[in-house]
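> Use these hints to put chain B onto chain Y, whose structure you have.
If you read the sequences in order, they're chains Y and B. Numbered per the numbering used here, the first sequence spans residues 1 to 224. Numbered per the numbering used here, the second sequence spans residues 1001 to 1318.
Don't take each hint at face value.
Here are the simulated SDA-like pairs of lysine to any residue, each with C-alpha atoms no more than 25 Å apart in a straight line [stated by the list, open to error]:
1) B:K1075 / B:F1236
2) B:K1075 / Y:S45
3) Y:K193 / B:K1075
Chain Y stretches covered by chain B per the calculated footprint, using a threshold of three residues with CB under 8 Å from any CB of chain B [what the hints assert, rightly or not]:
4) 50-60
5) 185-194
Hints were generated in silico from the structure; no laboratory data involved. Each residue gets a CB set at the ideal place from its N, CA and C atoms; glycine is no exception.
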Amino acid sequence: MAWTKKTRKTLKWFLWIGISLPLLWLFYNWALLVDEGFNLGYLTSLGFHSLTANPIEYTNRFLGDWALRFLLFSFAVTPMARIFKVKQLVAYRRMIGLWAFTYVSFHLTSYIVLDQFFDWGEIWSDILKRNYMTLGMTAFTLLIPMAVTSTKGWIKRLGARRWKAIHKAIYVIAPLGAIHYFMMAKGNQLDPKIYIGIVVGLLGIRLWFSLQDKTKAAAGKATA
Amino acid sequence: MMLLKNRKSWHIAENQVTPERLYLSRRQIMQGFGLGLGAALAGPLFRAGAAYALPNFGIAKKTNYAGDEELNSYKDITSYNNFYEFGVEKSDPAKYAHALITDPWPVEVTGHAERTGTYSLEDLIDFNALEERIYRLRCVEAWSMVIPWVGVPLAGILKKFEPTSKAKFVRFETLANRAQMPGLRSRVLDWPYREGLRMDEAMHPLAFMAVGLYGKPLLGQNGAPMRLVVPWKYGFKSIKSIVSINFVENQPQTSWEMQNPSWYGFYSNVNPNVSRQRWSQGRERRIGDFFKRKTLMFNGYGDQVASLYAGMDLAKYF
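Just chain Y, same shape as in the assembly (with noise of 0.2 Å):
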């Protein structure tokens, strides 16, 4: 089944806006903060903003959440193209994965510099002490060369099978994201292992494929 151009753009749109709405409230309930913080009173009539009473903890927190999500439904494209049948699904792959990257980038940020304040003695203590942030911070690491090489420039440049490899570090940074998100929650919350499982899942899917294709192969070669 060919997709006409109408409907890849669509769907690209869609997903675009869809991805960065959770930023947009972020953003958009900042603008309230400082308005309501300042006295400025221009957006009074628009209300209250919704980042609690510990605003900083609150967008580490939320962007954390998403950073999470959008990794894990960019590490489910495959699969579900290849579940669904949808083999077009693949070419929004990379730019789920640079959304997911984004949004991680941001919550990285909203540690540095508005938890922390640039207290790089404090921020390097927490990466080396508490494990929870080195397995963080060893995700994001991973994540910077696939952002980094996702043009098609570098495609070209490092050939399909370099590239490949670099882009096989998804298979670590998927588990340690989730891993991050359990090992950082308060007592034995239901959520981080809603998204282990998902990890889990998603592994179990692709190991199942990848020894099918081998069959597959095994079987075509008997046959030559």
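Using the frame of chain Y, we list chain B on its own:
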């Protein structure tokens, strides 16, 4: 609040309680000094001042245990809460705690004491001897507030039951009522929520049983109708909506310690030098501030309480 219905004797002039607006005006003076560009810009940013109605309580005595530190607003104190029985989000308690029924409020008193039994709230709290105490509250999540509590010293309540010499610890439990507390459906903790103090900690003059704040009865999200306030310990030790007081011989298990013993200990004194939990405890963000401040040993109450722990290794007994 029903329990206040026929207690007109407490309704006294509002000038007897510290109103929020006095503190707001002081804040504006502080800002005038210009505490650096960042503070000047960010200082007012997170402060949500809210108008507040006449106090419902008569206050016999007022003591400020937070120096010249600015009070947090009534809105902040009643909208940003950890009370997992109502959900794990900070906004959940304010959203759901209105369902909490606090009248009548029977409290079971058991264990090593002469006068055990079931008591009403009025049996435990002398509403004619209420005090206002301004305390810092330091949450283990590295944020803090300054709150004008209303209540009575815990020691006065406990003495009424005449604990015996076998009572070495006192153990408290929060209400666990599924119909009123939607958060109980998920097993974040092993319900009911339980906390405990060593007897000398419980008898310390700073240990407080609050029934109100800002001159008003506690709202559900703050632990109505009565909750502990132990200002030198992390906030989770200050157990809310207490329905059970139990005098025991051995150190009781507490909810967070049961959930994660490598993070949370029985004592859980505020200690900037020991950061076992996922939060670095060296600094804290006062709700309303942009910049963090240094966390003080025993939350700044070391002069009064450090002697309770003389000779103890506080890294071991965290």
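> Now tell me if each hint is right for this structure.
Here's how the hints hold up against the structure:
| no. | hint | verdict |
| --- | --- | --- |
| 1 | B:K1075 / B:F1236 | holds, 20 Å |
| 2 | B:K1075 / Y:S45 | holds, 19 Å |
| 3 | Y:K193 / B:K1075 | violated, 33 Å |
| 4 | 50-60 | holds (count 7) |
| 5 | 185-194 | holds (count 5) |
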